[in-house]
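Engineer: Chains as they are written, first to last, in this note's numbering: chain A, 5 to 166; chain B, 5 to 166; chain C, 5 to 166; chain D, 5 to 166.
Possibly wrong hints are sitting among the right ones.
It does not matter which identical chain is used: a pair holds within one copy or between any two.
Stated by the list, open to error - Each computed SDA-like pair below joins lysine to any residue, with the alpha-carbon atoms no more than 20 Å apart:
(1) K155 with A39
(2) K103 with L134
(3) K155 with G25
(4) K103 with L135
(5) K155 with N44
(6) K155 with A45
(7) K155 with M43
Just so you know, these hints were derived from the structure itself, not from any lab.
Number of protein chains: 4
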Amino acid sequence: MNLCIIATGGTFDKRYDPINGELGFADSVIPAALARARMNAEVDFVALLAMDSLDMHDQHRRQISDACASAPQQHIVIVHGTDTAQQTAQVIAQAAHQKTIVLTGAMVPYEIDGSDALFNLGFAMAAAQLLPAGVYIAMNAQVFPWDDVRKNRQAGRFERNR
Amino acid sequence: MNLCIIATGGTFDKRYDPINGELGFADSVIPAALARARMNAEVDFVALLAMDSLDMHDQHRRQISDACASAPQQHIVIVHGTDTAQQTAQVIAQAAHQKTIVLTGAMVPYEIDGSDALFNLGFAMAAAQLLPAGVYIAMNAQVFPWDDVRKNRQAGRFERNR
Amino acid sequence: MNLCIIATGGTFDKRYDPINGELGFADSVIPAALARARMNAEVDFVALLAMDSLDMHDQHRRQISDACASAPQQHIVIVHGTDTAQQTAQVIAQAAHQKTIVLTGAMVPYEIDGSDALFNLGFAMAAAQLLPAGVYIAMNAQVFPWDDVRKNRQAGRFERNR
Amino acid sequence: MNLCIIATGGTFDKRYDPINGELGFADSVIPAALARARMNAEVDFVALLAMDSLDMHDQHRRQISDACASAPQQHIVIVHGTDTAQQTAQVIAQAAHQKTIVLTGAMVPYEIDGSDALFNLGFAMAAAQLLPAGVYIAMNAQVFPWDDVRKNRQAGRFERNR
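Chain A on its own, in the form it takes in the complex:
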């Protein structure tokens, strides 16, 4: 499958640590999530970063953009924290990769009851295969162009800018 999944952390991949009682990062949940889809061919998975997107600096965003460039695939899903997904999308868009790049994430971690993570991963993997080249954010069962989306923090949803 001409598709690559790049993990960068974010709520999607946060895991509970019973020793310190906090949500943090350990091994990514994404391989387990992908296994549920029972794909005919293995999809490439790159565990690039494991961080809260509020802690990202420009260097991290460039690192993600570089990973998009060096991936042999034309279609890319990036699992990212929702708080700064737009900033990363902008850095990627400015690099003009001529690929279809879809950022997604989750409002509730994969391993917590009622999580949207698995839904969003499925949604983003279809979007990345079907959309023309460009940079998009896929959340809340919707595809947004990277330059026409904002996170409504009160509602916990992504919406168009206007």
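Dock chains B, C and D against the given chain A, drawing on the hints supplied.
Structural biologist: What follows is chains B, C and D alone, placed relative to chain A:
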């Protein structure tokens, strides 16, 4: 959202009955699955049928096709049993609806550990929004044209005919 | 820990098979359930049988009773199908083991949403450690003497005989 | 059933808030957990406190002890944070209630994959019904007298003092 979800039953929606110890049908799990996506607008949900697709006859398939025609939306996801999804897709395709109609299902019921149902629903909802008019089956993170797909029953996966 | 867990199958341990679409038996879920308890010492686990209790014959019940006798532990939990747990309890009681033996099971398989299996396992493991020698059935947050219990099949609950 | 469940918060009852991205307190999960046990009679449930046990002061512990006194039941389970369960147990023990009072909790919140909460609740509910009057902590499939237990914070387990 210009999208309608039609439930017809199938493994996706099978639920355990503690009294008789069997998997069967009760209220559809789809509204709960959709709530996890935290959509900006409610999506239309039609609980049309609740049956094993091996028990479907032509009248059921015509009923599903008619529901596609009468839905005001242009984009439709049908949650269907995997065993005869192709037959239903054929009946729908012959009706030439000029809509984008995506059938999906699950290999493991939504409420059982490790289910692919939520992933498939997300995947199909993106596919239904992005594909041109036509009839498709979306399973295993892949979009198949309705006339080029078969279920490999040994592997529990959908694949191209050839 | 002076405690042994004996698996015999039953609803507790039924697992969904995505290929044939039915609930059946595979590796027991009990080791995974026990790991969640984060015990200080490993508990002995014996995977004796994996069957529906409606399919049990006297030889199976004697096999279970013999496993109780040969276990080095004084306290035993048997995970069993709910439909004939009383019959097995009677066979064990007639063997007069001078041990504390608690049968439990589940109305919903461990791996299905809303299962009572983990609750029942915890309940039975406390009961087996605290009750005097004898044979008991522990279900529905209650301890029943083996000769004063019946399964109310309409309600899906165990209750006293009278 | 001559049994009362008192909620005070703790990890057992922590819930994820998708808006602020943190674990906190909302409606208790305990009624949903109890429903899974399919009890013959409803058990009394008291939602007394909803707090991290590290934030408890003496007044909270006295409030819990008073709730034990005023409960009409002889057998009581207290769901409590694990970090200061011993201190609360001591305050309760000093009040000399002549009841069987069992404190339990969880290392992983009820609504997170792999949680011990449901197991611990079942274990504590059996212990509270079967132990003589006294104050106990039930964790890790073990019953500890209140004055011979400590939480090993590195291992995330309760153990005897020595």
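Engineer: Decide, hint by hint, whether the structure agrees.
Structural biologist: Results of checking the hints against the structure:
1. Taking the closest pair of Cα atoms, K155 and A39 come within 20 Å of each other only across two copies (18 Å); inside a single copy the shortest separation is 29 Å, beyond that limit.
2. Taking the closest pair of Cα atoms, K103 and L134 come within 20 Å of each other both inside a single copy (12 Å) and across two copies (17 Å).
3. Taking identical chains as interchangeable, the C-alpha atoms of K155 and G25 lie at most 20 Å apart only when they sit on different chains, with a minimum of 14 Å there against 28 Å within one chain.
4. Taking the shortest alpha-carbon separations for K103 and L135, both the intra-copy value of 10 Å and the inter-copy value of 18 Å come in at or below 20 Å.
5. In this homomeric assembly, K155 and N44 come within 20 Å of each other (Cα to Cα) only across copies, at 12 Å, whereas the closest approach inside a single copy is 35 Å.
6. With identical chains, the CA atoms of K155 and A45 are at most 20 Å apart between copies only, with a shortest distance of 15 Å across copies and 34 Å within one.
7. In this homomeric assembly, K155 and M43 come within 20 Å of each other (Cα to Cα) only across copies, at 13 Å, whereas the closest approach inside a single copy is 31 Å.
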